[in-house]
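Put chain D on the given structure of chain W with help from the hints.
2 protein chains.
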Amino acid sequence: MPLERAQRALRIVSTIGEYLIDQLGARGVRHVFGIPGDYVLGFYDQLSKSRRLRLINTCDEQAAGFAADAYARVRGLGAVCVTYCVGGLKVANATAEAFAEKSPVVVISGAPGIKEREKNPLLHHKVKDFDTQKKVFEQLTCASTVLDDPQLAFQEIDRVLAAAERHKQPVYIELPRDMVFAHGVAHHQPRPVRASSDPPALRAALADASQMINAARRPVILADVELHRFALQPQLLKLARQTGLPVATTVLGKSVIGEDHSFYVGVYEGALGRDDVRRFIETSDCLIMLGAFLTDINLGIYTARLDPARSISANSEKISVGYRSYHDVSLEDFLAGLLKTRLRRRALGPIPHPPPPGAFRPRRRDAPITIKRLFQRLNDFIDSNTMVVADVGEALFAATDLYIRHPTEFLGPAYYASMGFAVPAGIGAQLAAPRKRPLVLVGDGAFQMTGMELATAARYGLNPVVIVLNNFGYGTERQIKDGPYNDLSLWNYSRVPEVLGAGRGFLVKTESELQSALAEAARFTRGFCLLEVQLDPADRSPALQRLAHRLSLRLSAASA
Amino acid sequence: MPLERAQRALRIVSTIGEYLIDQLGARGVRHVFGIPGDYVLGFYDQLSKSRRLRLINTCDEQAAGFAADAYARVRGLGAVCVTYCVGGLKVANATAEAFAEKSPVVVISGAPGIKEREKNPLLHHKVKDFDTQKKVFEQLTCASTVLDDPQLAFQEIDRVLAAAERHKQPVYIELPRDMVFAHGVAHHQPRPVRASSDPPALRAALADASQMINAARRPVILADVELHRFALQPQLLKLARQTGLPVATTVLGKSVIGEDHSFYVGVYEGALGRDDVRRFIETSDCLIMLGAFLTDINLGIYTARLDPARSISANSEKISVGYRSYHDVSLEDFLAGLLKTRLRRRALGPIPHPPPPGAFRPRRRDAPITIKRLFQRLNDFIDSNTMVVADVGEALFAATDLYIRHPTEFLGPAYYASMGFAVPAGIGAQLAAPRKRPLVLVGDGAFQMTGMELATAARYGLNPVVIVLNNFGYGTERQIKDGPYNDLSLWNYSRVPEVLGAGRGFLVKTESELQSALAEAARFTRGFCLLEVQLDPADRSPALQRLAHRLSLRLSAASA
Numbered sequence: 001m002p003l004e005r006a007q008r009a010l011r012i013v014s015t016i017g018e019y020l021i022d023q024l025g026a027r028g029v030r031h032v033f034g035i036p037g038d039y040v041l042g043f044y045d046q047l048s049k050s051r052r053l054r055l056i057n058t059c060d061e062q063a064a065g066f067a068a069d070a071y072a073r074v075r076g077l078g079a080v081c082v083t084y085c086v087g088g089l090k091v092a093n094a095t096a097e098a099f100a101e102k103s104p105v106v107v108i109s110g111a112p113g114i115k116e117r118e119k120n121p122l123l124h125h126k127v128k129d130f131d132t133q134k135k136v137f138e139q140l141t142c143a144s145t146v147l148d149d150p151q152l153a154f155q156e157i158d159r160v161l162a163a164a165e166r167h168k169q170p171v172y173i174e175l176p177r178d179m180v181f182a183h184g185v186a187h188h189q190p191r192p193v194r195a196s197s198d199p200p201a202l203r204a205a206l207a208d209a210s211q212m213i214n215a216a217r218r219p220v221i222l223a224d225v226e227l228h229r230f231a232l233q234p235q236l237l238k239l240a241r242q243t244g245l246p247v248a249t250t251v252l253g254k255s256v257i258g259e260d261h262s263f264y265v266g267v268y269e270g271a272l273g274r275d276d277v278r279r280f281i282e283t284s285d286c287l288i289m290l291g292a293f294l295t296d297i298n299l300g301i302y303t304a305r306l307d308p309a310r311s312i313s314a315n316s317e318k319i320s321v322g323y324r325s326y327h328d329v330s331l332e333d334f335l336a337g338l339l340k341t342r343l344r345r346r347a348l349g350p351i352p353h354p355p356p357p358g359a360f361r362p363r364r365r366d367a368p369i370t371i372k373r374l375f376q377r378l379n380d381f382i383d384s385n386t387m388v389v390a391d392v393g394e395a396l397f398a399a400t401d402l403y404i405r406h407p408t409e410f411l412g413p414a415y416y417a418s419m420g421f422a423v424p425a426g427i428g429a430q431l432a433a434p435r436k437r438p439l440v441l442v443g444d445g446a447f448q449m450t451g452m453e454l455a456t457a458a459r460y461g462l463n464p465v466v467i468v469l470n471n472f473g474y475g476t477e478r479q480i481k482d483g484p485y486n487d488l489s490l491w492n493y494s495r496v497p498e499v500l501g502a503g504r505g506f507l508v509k510t511e512s513e514l515q516s517a518l519a520e521a522a523r524f525t526r527g528f529c530l531l532e533v534q535l536d537p538a539d540r541s542p543a544l545q546r547l548a549h550r551l552s553l554r555l556s557a558a559s560a
Numbered sequence: 001m002p003l004e005r006a007q008r009a010l011r012i013v014s015t016i017g018e019y020l021i022d023q024l025g026a027r028g029v030r031h032v033f034g035i036p037g038d039y040v041l042g043f044y045d046q047l048s049k050s051r052r053l054r055l056i057n058t059c060d061e062q063a064a065g066f067a068a069d070a071y072a073r074v075r076g077l078g079a080v081c082v083t084y085c086v087g088g089l090k091v092a093n094a095t096a097e098a099f100a101e102k103s104p105v106v107v108i109s110g111a112p113g114i115k116e117r118e119k120n121p122l123l124h125h126k127v128k129d130f131d132t133q134k135k136v137f138e139q140l141t142c143a144s145t146v147l148d149d150p151q152l153a154f155q156e157i158d159r160v161l162a163a164a165e166r167h168k169q170p171v172y173i174e175l176p177r178d179m180v181f182a183h184g185v186a187h188h189q190p191r192p193v194r195a196s197s198d199p200p201a202l203r204a205a206l207a208d209a210s211q212m213i214n215a216a217r218r219p220v221i222l223a224d225v226e227l228h229r230f231a232l233q234p235q236l237l238k239l240a241r242q243t244g245l246p247v248a249t250t251v252l253g254k255s256v257i258g259e260d261h262s263f264y265v266g267v268y269e270g271a272l273g274r275d276d277v278r279r280f281i282e283t284s285d286c287l288i289m290l291g292a293f294l295t296d297i298n299l300g301i302y303t304a305r306l307d308p309a310r311s312i313s314a315n316s317e318k319i320s321v322g323y324r325s326y327h328d329v330s331l332e333d334f335l336a337g338l339l340k341t342r343l344r345r346r347a348l349g350p351i352p353h354p355p356p357p358g359a360f361r362p363r364r365r366d367a368p369i370t371i372k373r374l375f376q377r378l379n380d381f382i383d384s385n386t387m388v389v390a391d392v393g394e395a396l397f398a399a400t401d402l403y404i405r406h407p408t409e410f411l412g413p414a415y416y417a418s419m420g421f422a423v424p425a426g427i428g429a430q431l432a433a434p435r436k437r438p439l440v441l442v443g444d445g446a447f448q449m450t451g452m453e454l455a456t457a458a459r460y461g462l463n464p465v466v467i468v469l470n471n472f473g474y475g476t477e478r479q480i481k482d483g484p485y486n487d488l489s490l491w492n493y494s495r496v497p498e499v500l501g502a503g504r505g506f507l508v509k510t511e512s513e514l515q516s517a518l519a520e521a522a523r524f525t526r527g528f529c530l531l532e533v534q535l536d537p538a539d540r541s542p543a544l545q546r547l548a549h550r551l552s553l554r555l556s557a558a559s560a
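Going down the list, the sequences are from chains W and D. For the first sequence, the working numbering begins at 1 and goes up steadily by one. For the second sequence, the working numbering begins at 1 and goes up steadily by one.
Only chain W is shown next, with the shape it has when bound in the complex (with noise of 0.2 Å):
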């Protein structure tokens, strides 16, 4: 920012609550995501007050939370605002997928007065002790703190919102009710901070893996998360053009790159996934894995069979070279010198290669809808205005066929996998990209979990497309081992705009109620449009059937 409009700045943000506010927007935040309570009003008041920062309340936290993640992994950074334990304890789960799946979100809680703390009272909300909550959130965050000094408050959210950049994962910033008209230091100047790589250590670490891959055949690239965190899509797109060099991804990364380039693999996830793809991977003889992280998911259950002796992997918390590694080299300098470092370029031959979708053509019309038919008339449906956010269960692993053009635009828990992401997400990522329109996928049961924040949707003039996949009941489960706690009881989906008072709903049975239920949807852009799709419980995807399987087989062998 120019001098001027930064001393301008610096004059009018004087109060921690105000700080707090501006950094957040100076580093592209623009709404905030939660539910007030009285230990957060004050700040709530200033957030409503604030041009920058617009408040988004959703029905429930634990919806703030999902919404603000989705919001963060588009937007690079993201925030909740909550109240002190009943609010902030409501998004301990989302936090932790947050975490998990490399999400910087800033968890803001408002918490009793420092003043109001002095002879350990019993106020309202408290757990155990006043820290209790922060405790909780020191497990779940990657960095936190109590603004209960005026005079170190301002360092301290520069300190906590560079970890949540550097790091992408989530912070926890507590804000007593008393210091959030406190003024912090005067002519306080944000430091940027950066962390540089040690240069030999990056020298090694360049020469090694430049000679594994010169030296190498058939050398590919499995790309994974990380690389749509830390905003090295364009790098990895370098590379790939660079170099000639294949590229697959990961279930996690997929969409890191547009599935219709010329040099897209696939999705690889060990024997789960296409078995051209498993092979192409798993016999080529130098694998650069970049921003990647080998998460039971990710490896097909442990299907894969990766050697380490010909990989290179490279992420935000290691960088190797077969059975080196070297410290002090970050991810975005590993990736900029190997795009600097001469490296073979090569004809790119035969690979494997999503099929693209055909156009789809309705069978019989009162044929039942099938899983499979669904996804080949969902893949027409998308378009390069379409972000696709897939909760857990079938509705993600369906979608790992889908054929997604544009990166970015495909957001699931695939790894710390919780119920009930998908629903609040298509509201913060609708946010985040308001010129994309959301295809929701979930399940029954996740539905149940968050789906009624269709009314947060409706409030906010959102317009996700949601496909409830209703298989009566948690079809991963009943893969697994089955029994009556797989059952869910039975809502009537479709009706969930008349409660709501918005939106539109369709129960969608056959292929041709498919057809038109997404024709109309495509035309009716005003709100929501809920498409309940009723399926054969026994019906599974192949990609499902496959992980089912080998997890109900873990589950036996742990269990002998």
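If you are wondering where the hints come from, they were derived from the structure by calculation, not from laboratory data. Just so you know, not all the hints are guaranteed correct.
The list treats identical chains as one, so a pair stands whether inside a single copy or across any two.
[What the hints assert, rightly or not] Each computed DSS-like pair below joins lysine-lysine, with the alpha-carbon atoms no more than 25 Å apart:
no.	residue 1	residue 2
1	K115	K340
2	K481	K49
3	K49	K119
4	K115	K481
Below, chain D without anything else, positioned relative to chain W:
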């Protein structure tokens, strides 16, 4: 349990999962609330085959936490069973409420197997480390354990369940999935843990207390929630009858004693309560506080004027008489001792007494319903089979003036005050006391958080009567500081039954609509009834007006 049965149980119960089920059952638990996930499926299967415990699936885990809390309040012990992190962290807030308000809930979480953890792999649902969830729950429970060693598992289960019973607070049991079917030590005998008081300290406390009581001109008992939790209500009744001492309760302790007793004074809450009660309590020269916690809400946001020099206080954490306190004296022993001590018997003089509700006479048919008139009418609706469950806000504050005839029939989170409690709590409460019908009082804001759990009520054949106090926003907060953040999205609450395919919905705006809806609700007992009562957003119960005024004074003071 007779020796023979115990021995039979010992022969049959051999795995860790079975032992846990057995010990919950032995302590009176009959229902376990939760949602399955793959890390807990083995135990769910065991649970579903057990004859002793019944699984109750809620829509979201949050509700399972609240339901188990209410169940524990009514029955003495409750249990919630969820999967690792994505389930467990969703019940963090409900567990905190149980902790703060002394409700013994056993939180059981599935987890990755011990063998699976060896190389610290990135298994799905993991946050930072495998013990992240345990560390979180250490902050929210009074005891916790990971059952990772078959040699110790039975002993650990004994220890942790004993802590729940002794402290009346939640405990955490993590059950790695490879331990469910592991065999514990043979011939293990559960040993009851009993805390006994130090006899001389107990004698000293009783001598000082009886002296102060007998010397006083007008002693009065203030009864609070712990009498309920420790099942000491019969002793309280006996003490009052034996001595002729009048009894008041706190808000949190409302209903520890039937309000139709001649010696019942009313609810004391400083300047927030009825003025005659306040004067009666504050001018007593010997206030006997039993099982009481001096929370801000119990103390009427610190408007209470209680003189420690003239107070006796006995709760599970501390016994004091004036400025003297006594170690190693339990509440039970102290109360039992008081009953055996020679206390002067007094004639009951003139005391305040809550006015018994007169019969409700409707005014003009189309007169809009007000909060005051609504609660007058509800007083008529309540009979000996009713159990009142109140959510936070107006629902709770207006309900303090309800006339509750029987003990244990009023549940409300009057200290921790988490919104969204009442609908799921109604489910837990009715399963715990199947002959009662819950009258659930819930604001529109709280209903939007967990109200759809009426699906769970329908699924298990429960029939709560749910009153949604729809004042179009967060009414309590509007009183403190108002802004657009206190608005809610507008739902047609009375149409929720159409989505759930169960229950009956009523839209109530006038006195006559209230009359006919309640009459119909009394007749329709096959399922839930939901009355959306539309109120003037400016309408407030006198209790809430006073409370919110106090809270806003504190907010201004804190912000100043």
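Evaluated hints:
1. In the homo-oligomer, the alpha carbons of K115 and K340 never lie at most 25 Å apart, since the shortest distance is 57 Å inside one protomer and 44 Å across protomers.
2. In this homomeric assembly, K481 and K49 come within 25 Å of each other (Cα to Cα) only across copies, at 13 Å, whereas the closest approach inside a single copy is 52 Å.
3. With identical chains, the CA atoms of K49 and K119 are never at most 25 Å apart, being 34 Å at best within one copy and 51 Å at best between copies.
4. For the identical chains of this complex, K115 and K481 are inter-copy neighbours only, at 21 Å across copies versus 54 Å inside a copy, given an alpha-carbon limit of 25 Å.
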